[in-house]
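Following the hints, position chains P and E against chain D.
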Amino acid sequence: MRTSMHSLIWKEWHEHKCKLASIVTILCALSAYILFAGRDKVDVLPMVYTIGLCCLLPLAIFVGLGDAAGERSRDTLPFLQSLPISSRRVAATKLAFGLFTLLAAIALLILFVCAWCVVAGAFDVSYASSAARFVHDGPRGFTNNRWVSAILLTVLTVSSLYIWSASVGVNRKDEISAGAAAVIVMLGCWLSFAALVKLGAMDSEVLAAPCLAVLPGGAIAIADLIRNSEGILGLVCIIALLGHGALIARYVRRFGRVAERENYSPKEGTVPNYVLDKIAPPFDSPLSAIVWKQLRESWVIALAGLAATVGIVVVAALGDSTNYLSRPKELGQLFAGVSSTFGIVTAMVIGIGVCLYDVSPQLNTFWRSRPIHRDLWFWSKALTGLAIAIFMVYAPTLGALAASGITLSDAQREPQMFIFPALHLAFFAAAMSMTCLARHAVYAAILSIPAAFAGPTAISGAVMAAAHFGWLGPSLGDGRDPPELYMVTASVVGLLLSFSANIVLAWLAMRFDWGRKGRY
Amino acid sequence: MNDAAIDLQAVGKTFRNTNVLRGVTMRVARGRTFAFLGRNAAGKTTLIRMLLGLLKRDDGSISVLGLDPQREPLALRRRIGYLAEDQMMYGWMSVGEIVRFVAPFYPTWDHEMATRYVRDFELPPKTKIKHLSKGQNVRLGLVLALAHRPELVILDDPALGLDPIMRKQFNRDLITHLQGEGRTIFYSSHLLYEVEPVADEVAILHEGRIVRQSDTETLRRQVKQFILSRETLRAVRSQLHILDERNDGDRIAVTVEGAEVVQRALSAEGAEFRMVNLNLDEIFEAYVAGRTGEDVPAAKPETELQPLS
Amino acid sequence: MFLRIEKGSAVPISRQIADQVASLCASGALQPGERLPSVRELARELAVNQNTVLRVYERLCADGLLEMRHGQGTFATANSRKGQLSAHRVRLVDELRQIARQGAGLGLTAAELHELLDEAADGLEIAPPAVVSGSNSK
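Keeping their order, the protein sequence lines are chains D, P and E.
Using our numbering, read the first sequence as starting at 630 and increasing by one per residue.
Using our numbering, read the second sequence as starting at 603 and increasing by one per residue.
Using our numbering, read the third sequence as starting at 2 and increasing by one per residue.
Only chain D is shown next, with the shape it has when bound in the complex (with noise of 0.2 Å):
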């Protein structure tokens, strides 16, 4: 017989499993083409990690922000709470398979590797020597074995920052203000930790340590402290497993206590003295009206990722104070460094935030049914979400660059860095398209990886090809990879494709209502 038990857990489990599906395929892919592309380079493992673990940790705090504000944004909540079950176990229940999910997709991208690595040992393709590199080079802490290590810090890390995001954003609106609470609330705990360094408070390793282990994703500056004291870890363990668990606490007791206010307008028929405000006059021309609603949409999440870069600028900067602040050009590349790669999560978001709540089934009808041309609509929309999210990435990056002496002739030596405003406008791309299409904010933040990657996947698989059919010329074919100036300029022009064909993907959905129709 089905107790109740075995039904939320069907549920649950039918709810996660596309993202755990989406999560995989996205990181296997990923990785099989890296593994592909620098199967004779040395750092390919190290790289599939580094890579692995950049897109888990913002993945994660996806997974999480989903299931602490999707019942809520999907009105499926009140239903919930009429069913003869106690919410603190639907709540446990969403939290383990919140985590089943990371944890599976983590355990299958290693499988995927090394089946990989022992399908490939056929092709007399080998990887010992990147493994040797890792092992020598790998993250440390934890354990003497590296491999063990690396699982454990990803594991460790991806956990945290998920009970985390779920922890903050618990019973929230819907997606987008959970993150931005989420985004606010673990940046100020790291700022926070950055602040007492600075003033000298945490010399102390038996400090620092604890401390670490309780922030969100602490787990990755805590094992060079470890290593160096031994002893600490049995306390580290206890503290990180006391912090986390008040705040699963926090979630599983706080979930579906919704206090749904009843509407505080004034009771119709009392003396109106509001109704002598005045109403401005309208706006000049539909396209102000339109700009103006998008700024106003936008501005929240705009801001929330400007702080967001700055935070994390600062927590770096401060982590290793004396080495940044005598070196300005350094402080310089760094804020550059974090801007950017934390841009593309900014950029992600504020595509998604354009257009998420206009496709959303009741909005898309009020819109949908004006006198409101479609292409005026969807341009607005795009070039005012192009706008912010230029401005919230370079605006503070550029500023700290000027600031700190870089000049346009020291960039000029690094071409890697123009990927990166590539990748912003891609992600931003990317993340539209998928939110018109797919209707949902977490499912848009998954797909847009691979919407994304898709152009310079494609166009660098192609000249990798071409190199190796000897298409380019003697000089760069036979068999060897082109070289790197190719590889880059062939990244940056597939994300420019990338960055384009999303443009037009999300314009034709808008214009055409594609999408996945029904309410949720």
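The set of hints was computed from the structure by calculation and includes no laboratory data.
Please read these numbers as outputs of a predicted model, since none were measured by experiment.
Heads up, a few of these hints could be off.
What the hints assert, rightly or not - Part of the chain P face toward chain E, derived, beta carbon under 10 Å:
| no. | residue |
| --- | --- |
| 1 | Gln-771 |
| 2 | Phe-772 |
| 3 | Leu-776 |
| 4 | Gln-781 |
| 5 | Gln-815 |
| 6 | Arg-823 |
| 7 | Asp-883 |
Just so you know, even glycine gets a beta-carbon here, dropped at the ideal spot from N, CA and C.
Chains P and E in isolation, oriented as in the chain D frame:
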């Protein structure tokens, strides 16, 4: 023919192998209040979406205010006011802000009128939409649908979920502000008793077809229930257009169309009969849920009532 | 002027309004020369289509119960009382027939029905049958 505000000819629409609408022919004259009745999922919202140009029709032709909604949707929407059931608007905007936002899209927008409506409907301009009550939400939707002086106003079950007092107020607003200005109103609903006092003409949509269209007085005059004996029914059956039959012992209650003709025929036969007036609910039920002929279940043996003595 | 519309009734709305206005005129609650609410006002108050109210007013004007003075409104006329008996007659007979049917269903005889009618009329002040001569004493 240009006098019609809405003109549908043999319109059909299929969704995933289900025929949602077929052969729908309907004409709404200008300046009239036209009520469109049907059960839930009868195809009312689909039809309204086609009038606005939001859905493509599969067959037939549609002409709204002389324009084809598929070819010129924007020009059409500028001249139409639309209020949907449970209309959700941007919750973060305030009342004043959404009025300012929607205004530039309509060339005939009358901002003074909009302000006046907001005041008359007692809507607080600085309150955010997500804090409005349901009744206020509907009234705000009405403001947005009226302030640009549309020739035609389409209402898709707008009073859904309002409490009775708000519904009455809504009907009052409809009559004062819409009928009073001579606009054409196309009103879709399944609250029949609400609709009847307000409407001039009524059309009943059932299983994708219009089964009846006429004004309410004529409908009542023509659709009545007759209580006859079985023999009488058998004798005149071929002359009747029967919508519904009910057994009642040895008598049968039939709901028919063309009551005047039937009455004359029965009187001519000299048969004994009783004629019952029906309200709009019963008329509607006869059209959409009526059972005739073989569907009628055999009479159950009734328990005998002891006479009072 | 107090009117009550019963929604969802088997009686058409226009009939209800017309009958009630006629009753008010006949009973004297609406004095001759008194102004009725305008079409718009009445429609708004009752939440009824303006065309319906207009039709009622027009019909009552044709019957001689009301007169519409251009630019001033609609007014009750002086010959409201007796002349309308014929119009009400059908309605009253209908209603009485329904009651008679109920009584017959309960097994009452015609004599018993008459008794009931006398009992009901007892408490009311009904004028004795007068000669219809057009001389109203008001």
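The hints, checked one at a time:
Interface restraint check for P/Gln-771: the shortest CB-CB distance to chain E comes to about 8 Å, inside 10 Å, so the restraint holds. With a cut of 10 Å, the hint placing P/Phe-772 at the interface with chain E holds, because the nearest CB-to-CB distance is about 9 Å. With its C-beta approaching chain E no nearer than about 8 Å, P/Leu-776 sits inside the 10 Å limit, and its interface hint holds. Given hint, P/Gln-781 at the interface with chain E, holds; its Cβ is 5 Å from that chain's nearest Cβ, closer than 10 Å.
Restraint check, P/Gln-815 versus chain E: the minimum CB separation of about 17 Å is more than 10 Å; hint violated. A cut of 10 Å between beta carbons decides the hint on P/Arg-823: the least distance to chain E is about 8 Å, and the hint holds. For P/Asp-883, the suggested interface contact is upheld, since its CB lies about 6 Å from the closest CB of chain E, less than 10 Å.
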